[in-house]
Amino acid sequence: MALYSEKVMDHFLNPRNVGVIEDADGVGEVGNPVCGDIMKIYLKIKDNRIEDVKFETFGCGSAIASSSMATELIKGKTIDEVMEVTNKAVVEALDGLPAHKLHCSVLAEEAIRAALKDYFDKNGIPYDPEEFREHDAEEDVPPEVLEAAEAEKAAAAASCGTKFK
Amino acid sequence: MKIIYADNAATTKMSRVAIDAMLPYMEEYYGNPSSLYSVGQKAKEALEQARADVAACFNAEAREIYFTGCGTEADNQAIISAARLGERKGKKHIISTAFEHHAVLHTLDKLKKEGFDITLLDVHSNGIVTAEEVAAAIRPDTCLVTVMYANNEIGTIQPIKEIGAVCKEKGVLFHTDAVQAAGHLHIDVKDQNIDMLSISAHKFYGPKGVGALYARKGIILTNVIEGGAQERGKRGGTENVAEIVSMAAALKDACAHIDEYAEKETKLRDRLIAGLDKIPYGELNGDRVHRVPNNANFCFEGIEGESMLLMLDDKGIMCSSGSACTSGSLDPSHVLLAIGRPHEVAHGSLRLSINEQFTEEDIDYIIASVTEVVQYLRDMSPFWRDLVNGKRPHVFSE
Chain A
75 MALYSEKVMD
85 HFLNPRNVGV
95 IEDADGVGEV
105 GNPVCGDIMK
115 IYLKIKDNRI
125 EDVKFETFGC
135 GSAIASSSMA
145 TELIKGKTID
155 EVMEVTNKAV
165 VEALDGLPAH
175 KLHCSVLAEE
185 AIRAALKDYF
195 DKNGIPYDPE
205 EFREHDAEED
215 VPPEVLEAAE
225 AEKAAAAASC
235 GTKFK
Chain B
69 MKIIYADNAA
79 TTKMSRVAID
89 AMLPYMEEYY
99 GNPSSLYSVG
109 QKAKEALEQA
119 RADVAACFNA
129 EAREIYFTGC
139 GTEADNQAII
149 SAARLGERKG
159 KKHIISTAFE
169 HHAVLHTLDK
179 LKKEGFDITL
189 LDVHSNGIVT
199 AEEVAAAIRP
209 DTCLVTVMYA
219 NNEIGTIQPI
229 KEIGAVCKEK
239 GVLFHTDAVQ
249 AAGHLHIDVK
259 DQNIDMLSIS
269 AHKFYGPKGV
279 GALYARKGII
289 LTNVIEGGAQ
299 ERGKRGGTEN
309 VAEIVSMAAA
319 LKDACAHIDE
329 YAEKETKLRD
339 RLIAGLDKIP
349 YGELNGDRVH
359 RVPNNANFCF
369 EGIEGESMLL
379 MLDDKGIMCS
389 SGSACTSGSL
399 DPSHVLLAIG
409 RPHEVAHGSL
419 RLSINEQFTE
429 EDIDYIIASV
439 TEVVQYLRDM
449 SPFWRDLVNG
459 KRPHVFSE
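Those sequence lines, one after another, are chains A and B.
Just so you know, we're using our numbering here: the first sequence kicks off at 75 and counts up by one.
Just so you know, we're using our numbering here: the second sequence kicks off at 69 and counts up by one.
Among the hints, a few may not be true.
[What the hints assert, rightly or not] Ranges between beta-carbon positions, derived for each pair:
no.: 1; chain 1: B; residue 1: R356; chain 2: A; residue 2: E96; range: 39 to 45 Å
no.: 2; chain 1: B; residue 1: Y444; chain 2: A; residue 2: G150; range: 56 to 62 Å
no.: 3; chain 1: B; residue 1: Y444; chain 2: A; residue 2: E96; range: 47 to 53 Å
[What the hints assert, rightly or not] Each computed EDC-like pair below joins lysine to aspartate or glutamate, with the alpha-carbon atoms no more than 16 Å apart:
no.: 4; chain 1: A; residue 1: K81; chain 2: B; residue 2: D382
no.: 5; chain 1: B; residue 1: K383; chain 2: A; residue 2: D84
no.: 6; chain 1: B; residue 1: K459; chain 2: A; residue 2: E103
These are computed hints drawn from the structure, not numbers from a lab.
Note that the structure is predicted; figures quoted are calculated from it, not measured.
Ideal Cβ placement from N, Cα and C applies to all residues, glycine included.
Input sequences plus hints: build the corresponding full structure.
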């Protein structure tokens, strides 16, 4: 079986909504270059609805695919609906991600929330900070997936030269 | 779509010579070399001829060659053996380098837990350690120096003969992991003062699952695999005759063509390096001259390696990266970190390893594709945008 599903490869090779919105109403950036991934989401919001969304991503195939899918999932939705979009929804829409790539979907969720928070802050809209805390990849992930991720990590650590054979 | 396999440092396609050599030992002479009847003895003869052939490629003697299941096993056995010999004399210090293959590094980790003291020498930014640095690290209790012949990621060739001379002078065993060098570079264990050397067949157009350890006569090996009396009692398990014969044929063939292939590959490699050098804010990893003829390894700022690999695969080009995302760990390549590349740059690495069958057109196609992919990924990278806008500092110059 290939590492990635056809959906992931499609969104990686033909990413939707790539780019910048110069007069964005909210911008969110998460990740850092040392870890090897950064996602930036630009939102245009009108009447409480995502009128337009663009992304820029520095990262691996699943990071780019997760960003692309996440933008598709939130486009045209109301803010309340967007708040319901979790990393799980991104993973499901991509027909799954390998266990050690789940953090890419978490980054996508966090980037969207960071952009919304930016919009709220700029417009003085009150919100519950609890909704915007950063969380790690292990939350919201079913235990069996976590277990698989741990096993994969252990296998990666145990086999010599997983980077270069 | 044309397929360009540019990952020959990972593994190679078997040569016709190697495939033809192994078939008779699967179809006809399938006997166990330890059996006394003819079909077994035929296999035994082939096994011993293979040993002599492998030995001849390194100016060694047949009885100094031990067949193993892979290069990793050979590395394990060489290091464990030297450690056991050393600790009997109270010598429990081993010197190696920070950018060895994990076959060496993880074996050293194991010995460290047993109480050995391990010195990992820093590697210069050009990917080379010097004999002087090895000499300076040797102590009265040093039992082994193990330094790879050529690095598997960046292809840099170490001054093996000089390091060997230093070890010989100080009476310390010297092992080299020659997995990336065997069949590609001239190796002479006597001239280069090598006590132990590891090779792996699938890196020189032979089969996977077979390797060899050269150990100078007089060095008593410790078993990694216990069992029967095979390999003079030093490696249990019925010999993998077909693959051993195939490895010997592949090595003989590769060694007969070293100069011819190296000349062709070096020309193509330098064309590739010159083409990729034109991409702004990218840099070659490892020394330009002292590197295996088939390796080019670059870091490009602002992008991540796995996405480069996948996009190149979509264009029919297969290659490797040292990014964390291709390794299943959180850190990028320890080799790139060892030569001083910062994490954010090491994530954007690309290794291309060619062979002598490449054409100039192949090389030009790779250059054009990599240039296009780097630009495409940079155009969607917020990290690249920050570099361009001066929000983050560049590591490389334009």
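Comparing the hints with the structure gives:
The beta-carbon spacing between R356/B and E96/A, approximately 43 Å, falls within the hinted interval of 39 to 45 Å. Checked against the given bound of 56 to 62 Å, the beta carbons of Y444/B and G150/A, roughly 27 Å apart, lie outside it. For the pair Y444/B and E96/A, the beta carbons lie near 21 Å from each other, so the given range of 47 to 53 Å is not met. With a CA separation close to 15 Å, the supplied pair K81/A and D382/B stays within the 16 Å bound.
This hinted pair checks out: K383/B and D84/A have alpha carbons roughly 15 Å apart, not beyond 16 Å. Using a Cα cut-off of 16 Å, the hinted pair K459/B and E103/A holds, with the two alpha carbons roughly 14 Å apart.
When each numbered hint is compared with the structure, violations occur for hints 2, 3.
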